[in-house]
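Participant: If you want the building blocks of each chain, they are given just below.
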Amino acid sequence: MDFSFSEEQQLLRESLARYVEREYTFEKRRAIQRSAEGFSHEVWSAFAEMGLLGLTTPEEYGGYGGSAVDTLVVSQVLGSGLVVEPYLASVVLGTGLVARAGSTAQKESLLPAAARGELLLTLAHAEPDSRYELAEVATSARRQGNQFVLQGHKAVVPWGAQADRLIVSARTAGGPRDAQGISLFVIERGMKGVGARDYRTIDGQRAAEVKLDDVLVGADAVLGPLDGALPLLEAIADVGAAALCAEAVGVMETLNAQTLEYIKTRQQFGQPIGRFQVLQHRAVDMFIHLEQSKSIALLAAVRADSADAAERRRAVSAAKAHLGRSGRAVTQMAIQLHGGMGVTDELPASHYAKRLTMIDFHLGDADFHVERFVADARG
Amino acid sequence: MDFSFSEEQQLLRESLARYVEREYTFEKRRAIQRSAEGFSHEVWSAFAEMGLLGLTTPEEYGGYGGSAVDTLVVSQVLGSGLVVEPYLASVVLGTGLVARAGSTAQKESLLPAAARGELLLTLAHAEPDSRYELAEVATSARRQGNQFVLQGHKAVVPWGAQADRLIVSARTAGGPRDAQGISLFVIERGMKGVGARDYRTIDGQRAAEVKLDDVLVGADAVLGPLDGALPLLEAIADVGAAALCAEAVGVMETLNAQTLEYIKTRQQFGQPIGRFQVLQHRAVDMFIHLEQSKSIALLAAVRADSADAAERRRAVSAAKAHLGRSGRAVTQMAIQLHGGMGVTDELPASHYAKRLTMIDFHLGDADFHVERFVADARG
Amino acid sequence: MDLAYTAEEAAFRDEVRDFVTANLPADIARKVLEHRRLEKSDYARWQDILAKQGWLAGHWPVEHGGCGWTPVQNHIFDEETAAAGAPRLIPFGLNMVAPVIMAYGSPWQKEHYLSRIRTNHDWWCQGYSEPGSGSDLASLKTRAVRDGDHYLVNGQKTWTTLAQYADMIFCLVRTDTTVKKQEGISFLLIDMHSPGITVRPIVTLDEEHEVNEVFFEDVKVPVANLVGEEGKGWTYAKYLLGHERTGIAGVGASKRELDTLKHIAKIQRKNGRPLGDDPGFAARMAQVEIDLLALEMTVMRVLASRGKAPGPEASILKIKGTEIQQALTELMMEALGPYALPFRPEAMTLDTEDELVGPDYAAPLAARYFNYRKVTIYGGSNEIQRNIIAQMVLGL
Amino acid sequence: MDLAYTAEEAAFRDEVRDFVTANLPADIARKVLEHRRLEKSDYARWQDILAKQGWLAGHWPVEHGGCGWTPVQNHIFDEETAAAGAPRLIPFGLNMVAPVIMAYGSPWQKEHYLSRIRTNHDWWCQGYSEPGSGSDLASLKTRAVRDGDHYLVNGQKTWTTLAQYADMIFCLVRTDTTVKKQEGISFLLIDMHSPGITVRPIVTLDEEHEVNEVFFEDVKVPVANLVGEEGKGWTYAKYLLGHERTGIAGVGASKRELDTLKHIAKIQRKNGRPLGDDPGFAARMAQVEIDLLALEMTVMRVLASRGKAPGPEASILKIKGTEIQQALTELMMEALGPYALPFRPEAMTLDTEDELVGPDYAAPLAARYFNYRKVTIYGGSNEIQRNIIAQMVLGL
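Protein sequence lines correspond, in order, to chains A, B, C and D.
According to the numbering used here, the first sequence is numbered sequentially starting from 8.
According to the numbering used here, the second sequence is numbered sequentially starting from 8.
According to the numbering used here, the third sequence is numbered sequentially starting from 13.
According to the numbering used here, the fourth sequence is numbered sequentially starting from 13.
Only chain A is shown next, with the shape it has when bound in the complex:
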């Protein structure tokens, strides 16, 4: 058993952390969020240069062939710096899907460009009533000769209005909640019939409602097995969930540090409020949550790439459920310990709090993952 990170991983972490600390100030983040696109091409290019965007891309397509543990290293730093850029959407989910299931042609056309930061990918999967259920797909892909016609509504698609390519799930067979009959299609955002209603998310990112209205795509748009994409979706969602856990750990680590700093300096009744035992124990609970979260996020990252789906699902659901609950608890304590300051827009901590809370709403909340954990164990 070895808990140490490789030299490459340590270098990666240090160089990224250095970049984020120097370049990604809180004021800059604010400006990025308020920009038209909601993320910074300059930052994105810097990430490309650092090799981040091709981290998990296979080497033959210009990447580094990294593992989910490499993703953990990156995600944790991105969390610590509260980076809003679409790393999860484009690199973890988008690139991950193409790398796993793409045809050679798809890989060639998408992966090197994505790794260079020239092409932004996202996964458009959830639908208005699907909540977190991956098998619940109502969007249809009707065969028309050698082509498919897509029709449907994809909900809360991360960076759906900014991505160049959307990987869309649609039903090519079966009923709305059947495991069989789901297929993936790579479509261009600018295609006829694709509408994206862009909005901010409360955790500082962007998402969109994507409407597909008779979108005509060729058979070469199909990504992975026709009718049988659910296992692929489940696998990539787990990789994404593990990355979110790692990000949450990074967010939590910074939020804890900010809170500790605050209660050590804020004076009331003639002493720092951190002298009050009740607040001390609250800070200790936050610390325990963090340490336990680090542990389970590590486990999820190590298992996220596992070929054994049961092992992967168990670890990822455990971690995502844990982070959902511990993230909620830590956030509430952090805001409370900050007093009035904790609910201001001006304070970085409140933005960390929002992201940490809302990570629970991405790729399955704590309830969802506890239930999956239970159902899987029951078999």
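Quick caveat, the hints were computed from the structure, so don't treat them as lab data.
Mixed in with the good hints there might be a few duds.
Under the rule of at most 30 Å between Cα atoms (straight-line distance), these lysine-lysine pairs were calculated in the DSSO-like manner [stated by the list, open to error]:
#1 C:Lys43 <-> C:Lys64
#2 C:Lys52 <-> A:Lys271
#3 B:Lys218 <-> D:Lys278
The structure displayed is predicted, hence computed values, not measured ones.
Chains B, C and D: place on chain A using the hints.
Facilitator: For chains B, C and D alone, kept in the frame of chain A given last:
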């Protein structure tokens, strides 16, 4: 709206409280528990003299025709003094059932004697697998001419080996979980075929497994409507649950007071441990639980007699669920604040803790009542 | 023991309900029920309607122009107006400064200010907290120096709710720096339109503007605006805090929000079924409902036993009331699933509808969850409330 | 980053498992798995078996007669023995006094006592707590006065686990009353058979006898039994506490108890279905399982990062470990429904079976729930552990 108790209720409370304080010392309670029968006939007679045992008995049968609020007054004091005597079993449940549904002959033969303390009643209803479900009855009552033959196993019957008469539920029709087909029978403990395996309960009382092996009873043993006793069982169980809530409030009140006293006197680090803010806030949480519990127990008592079953069920389930959870929380805090002393047999507080915890396991635990509350609201 | 309302109380409830049904503007109610932003005019319109009816200060004693409602009547009024979606009454004048003026104010202050509050003429705000004094209120630094027939006030207040709308502010100020900190504090009524006052918005994490910093630079305040005696401000402040805490249980509003939550849980889907049918979610909702039921009874017990000025036990109402409020916002956010994520401040008004982005109730809920973290912080944080109970009730 | 066990570790696990399968007496295992009372002889028999194999002190360094197991090997050993239902190893000699003797003992103490511990010759107990000094350990009052070549010890210890079986006790005693309280404490090894020692049982709320009061009346203790230097006892005690806290996470035992809980939940019925199928109960079990999974990883991280003596971070293991232990006892009790009520101490032995009174696993569980309230109290209460983390780790 009027939250005051009547003069009679106040007198009742004061005289009972005085008796318990003077006569029912902790050492005496210990001796009673260790006695062969597990309760004291002397105490029981004193209760009879004070009118407690006929409190809810109709006046024409030698009682006072009191309400569930009167029962609350008594139960709360019994809780404060941690009285083990079978008040709930015999007076609230047993007498309550007969008074509600008995024939004139049954009332005449049972009620005055019970009110005088000469006859101990209990309800033998639960079964090994029924958990808290009232409709789950497998014990059978087979017709044989004008008689019935009872066969079955009644589980954890309160004072089942001490009671003179057992009110036994049995199936005269339907399947094991059907609402219809349940009937009640009054049987004598000494009857042929009635076996009672007596044991202590962890909360200081007695219970028994009651085996019914071809027990032959006449048609005059039937209490209430044949096949249709479930609504009656539900009503009396709610009255019992409301009494348990009141008792729990009494237990909690004393346990809180003991804990407060302990942390005010126990010295560590040169001061009473009650000076530590974390323990102070724990004591405050115990106090808040108590106040909220008092409120909801009152509501349950007032509604327990209601003719509107929906109103009654809602209030009782809310209260029993609340007391289950707040009782658990308060107990755990009380023991923790007592430190090592909290887990000793010698300390009264640990016995209060056991009773307060275990009240949850009588007549439906918090989960059961939350689920009933939800199901009823759904309709 | 009788938990039924009296015939008079039942009649009063009918009267209030009928009035609210007839007079509460539908657009305002919709904003409240759908958690949208209330403008100054929304509050003002509703308070004017009540003032016209003589009910804005219905719980005030008759001698001060109120209706002399009993605590139970006042509870009924709260409950009925909240249920119908009426905006909360801005408490700073009605429930905070008014009791202080009634108890300690000069005849002129009573005559002048109470009538203006009752008729919804002045909008008040509260000048208590300062950047360096939150929980430790007595450490406040804003100075008021006597200069002839007025005071010169210098300093800064913060977390001042809706100060941007206010005509008046009641302030704790330091008039004496040579005595024990509690003893140097006085209670001043200050015209917000006075020269030297600057209001600066504090934007909260939901990007709303509800609280402010208020700066005082050589602000002239007539001595006639000193309440009671110089140096007795701390006594008046404690008196006020006791009054503040009864309403803060917010039972009426929480009952309404519980209904909203149930409504949402009926519409939201989980595995194709209503979320409200999910046993885990249903149990969590039920537990809040049970807590709220108990709290309502606790409020009634407090009202019944004490009448008006609640003692330190009232801290319980603040603690449980705010915990329940937060639990409700949390469950509502959770109910939305991924539709908790969209953040669309434009949806805080009624004008911009966009059915594309989730159900119409969704947009404000996550922001509201975050905003409501404040309720366990303001009005004396729940930690301070626990300290109060520990000391004043439990004798620790 | 590699969370797989090495080939050597896997082989070690197989070796331990095979040994336990072949050598753990079935009656002892049954008592452990069914939560029945363990007699002195049960502990002794199993420890003798391990001693014979050379594994009783397998985690000790080779120089002291151990096997020099790595922390991971020791964890594997714990896990395998716990899973099979082996009794816990009585820690007072093996894991508590032994490290102190290794670090600070005299050559004679090492030679004499370590070998007797390793061979299961002496049963040790711990003389720390006193009636007046629980959390405030340094305020202890038991006096040891030097008198020639021995000390005369007078005073009282309490909460002394299994002192009724003990041959030896290690004690913190006050040898100097003139200095700061921490500086007047010494660490003595005392023969429990010495004249002047009285052991008095403390019956716990489950009516079991596990802890004791130990009285010292003019007990003569040879100076050779002083560990290290006079007045340095506090340092040794803190060293020891660090060691105590690693094992206290109890991951191996909690994994076994989780399995037992799942087994019980499969058998218990709710509405005619297994309780384990109930969504609410299943979710609560899963949450404990997830917490335990995280804790196991945290233990491994601590082991990997520090090797032997854990720092104050180890307080986390005590806090989370005991919270999980308690959650498991609570769920087991809850699972029983009304069959949690019967209290039958006679069922604590294997002899008296009575299938009439509920399922065979039921009888000990409620008593065990109450007994286990102790785990957040002993070994430094969880409040004290939080104080330690606040001060030593967070710098508060």
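Participant: Please write out, lowest number first, the hints stated earlier that are contradicted by the structure.
Facilitator: 2
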